[in-house]
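Undergrad: Chains as they are written, first to last, in our numbering: chain F, 1 to 229; chain R, 1 to 229.
Be a bit skeptical, because a hint or two may be false.
Which copy is meant is left open, because identical chains are indistinguishable; a pair holds if it fits in one copy or across any two.
Stated by the list, open to error - When the alpha-carbon atoms are kept at most 25 Å apart in a straight line, the in silico BS3-like pairs for lysine-lysine are as follows:
(1) 42 x 71
(2) 71 x 114
(3) 97 x 83
(4) 187 x 97
(5) 219 x 42
(6) 212 x 83
Just so you know, the hints here were simulated from the structure itself, not pulled from any lab data.
Number of protein chains: 2
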Amino acid sequence: MNRKSRREFLKASIGIGTGVAAAALGCAQSSDSGNNEQSFFKVVHSRRSIREYKPDPVPTQDIERILESAKLCPTAGNRQPWKFLIIRDKDKIESLKKATIEYRLSSRDDTAEKDEELVREEIAKGLSGYFSAPVFIGVLTDSEASYPGMNSHDGPIVASYICLVARAMNYGTVYMTGSVPGIALRKAANIPDRYDITCVIALGVPKSWPEKPSKKPLKELIVREEFVG
Amino acid sequence: MNRKSRREFLKASIGIGTGVAAAALGCAQSSDSGNNEQSFFKVVHSRRSIREYKPDPVPTQDIERILESAKLCPTAGNRQPWKFLIIRDKDKIESLKKATIEYRLSSRDDTAEKDEELVREEIAKGLSGYFSAPVFIGVLTDSEASYPGMNSHDGPIVASYICLVARAMNYGTVYMTGSVPGIALRKAANIPDRYDITCVIALGVPKSWPEKPSKKPLKELIVREEFVG
Chain F
1 MNRKSRREFL KASIGIGTGV AAAALGCAQS SDSGNNEQSF FKVVHSRRSI REYKPDPVPT
61 QDIERILESA KLCPTAGNRQ PWKFLIIRDK DKIESLKKAT IEYRLSSRDD TAEKDEELVR
121 EEIAKGLSGY FSAPVFIGVL TDSEASYPGM NSHDGPIVAS YICLVARAMN YGTVYMTGSV
181 PGIALRKAAN IPDRYDITCV IALGVPKSWP EKPSKKPLKE LIVREEFVG
Chain R
1 MNRKSRREFL KASIGIGTGV AAAALGCAQS SDSGNNEQSF FKVVHSRRSI REYKPDPVPT
61 QDIERILESA KLCPTAGNRQ PWKFLIIRDK DKIESLKKAT IEYRLSSRDD TAEKDEELVR
121 EEIAKGLSGY FSAPVFIGVL TDSEASYPGM NSHDGPIVAS YICLVARAMN YGTVYMTGSV
181 PGIALRKAAN IPDRYDITCV IALGVPKSWP EKPSKKPLKE LIVREEFVG
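So that you can see chain F by itself, here it is in the shape it has in the complex:
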């Protein structure tokens, strides 16, 4: 590919994210009809955070394929200090939801004025989209790994790879730290103190693929050579 045609290809890639392009990518299709040879740039440009899922299950082999590729991300000293906690059991997901509601209820400061049961219902309603996902993956790092100070890099990196690889297989994800907090996952899944919880990822077939959110222009983010003044 010469420079000009490469430039044109990239220009086209950068345009992806509109509804039309998303449809062209087969975004709303289930994984079974997905194209695993999707171009790299199409995947990066079409990943979204998904907050509502179809009930379609995710086969075990698809979850494992996602993790198999995700764990090839860079990791300090090749330590791979991870555990991937896969939750698919409906009762276990319900426990995670309950623990999330209780935790979030305890951190609200308006429960004195409002009826606690009403606040609980309000929280549950806000969570229902997330909890339509058939799979939750807890991304954990091992505080007993060598150089545990590097876990704060390795956790987010592998988690973001999971979201990206899932997109390449036409699944949706959302990377959660607050909507479903680590503390609720720890309670629901009996996670030992040894493991730190980077995030909880919901995984499933998206109800729809949202439009691309507005992004800052690159020039706002770039500094050349040094900071001046």
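Given chain F's structure and the hints, the job is docking chain R onto it.
TA: This is chain R only, laid out in the frame that chain F set:
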């Protein structure tokens, strides 16, 4: 693609990383002959940490294309709290190298027994591969952004995307926190205290693409449903 052929494709993808497959991907080619329509899985499976570079420059437009795609990674609340510090000026790179050597010299505990100049040369020798890169990118997060507690996710995520997107354009990278420490970058590029330094990324055309490092089998990393006992 049906399930069987998809399984075979993935099996083939997972096999990538051997010298033969790397050659088939055109790994050792410069970016000008690169194929920007590389399959997503090929890119993920062929990314490596590169510790020696060819002197070939990286055109400005390629650097900007890498960042343009990388900044589409997930970011908490769509805050995008980043600055990308791009260093290409040879004198500036030399300042970064000098600051790195001085910092690493000051953190050695064997300089009492050894001649300081010898230790300095030893450190410089260990750094020469990294400093063969024509470009360094400092990934910074803004402590004055909303929810700065989320910067520890957003920094590593965008940095790992930079490395991955660069691979899709046939460039090599290495994500550094220790080899070239943030403190040296801060000094060399006059970075205000407001910005935290996630890492320094070297970027360029690899001298060669290393073999795939050994990875833990997935079964060692997976926990199903909950921790028991």
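Undergrad: For each hint, tell me whether it holds in the structure or not.
TA: Taking the hints in turn, this is what the structure says about them:
1. Within a single copy, residue 42 and residue 71 get their C-alpha atoms as close as 21 Å, and across copies as close as 14 Å, so both meet the 25 Å cut-off.
2. In the homo-oligomer, the alpha carbons of residue 71 and residue 114 never lie at most 25 Å apart, since the shortest distance is 45 Å inside one protomer and 41 Å across protomers.
3. Taking identical chains as interchangeable, the C-alpha atoms of residue 97 and residue 83 lie at most 25 Å apart only when both belong to the same chain, with a minimum of 21 Å there against 36 Å between chains.
4. Proximity of residue 187 and residue 97 under a CA criterion of 25 Å is satisfied intra-copy only: 11 Å inside one chain copy versus 47 Å between copies.
5. For the identical chains of this complex, residue 219 and residue 42 are intra-copy neighbours only, at 23 Å inside a copy versus 30 Å across copies, given an alpha-carbon limit of 25 Å.
6. Proximity of residue 212 and residue 83 under a CA criterion of 25 Å is satisfied inter-copy only: 21 Å between copies versus 31 Å inside one chain copy.
Hint compliance for this structure: hint 2 is the single one not met.
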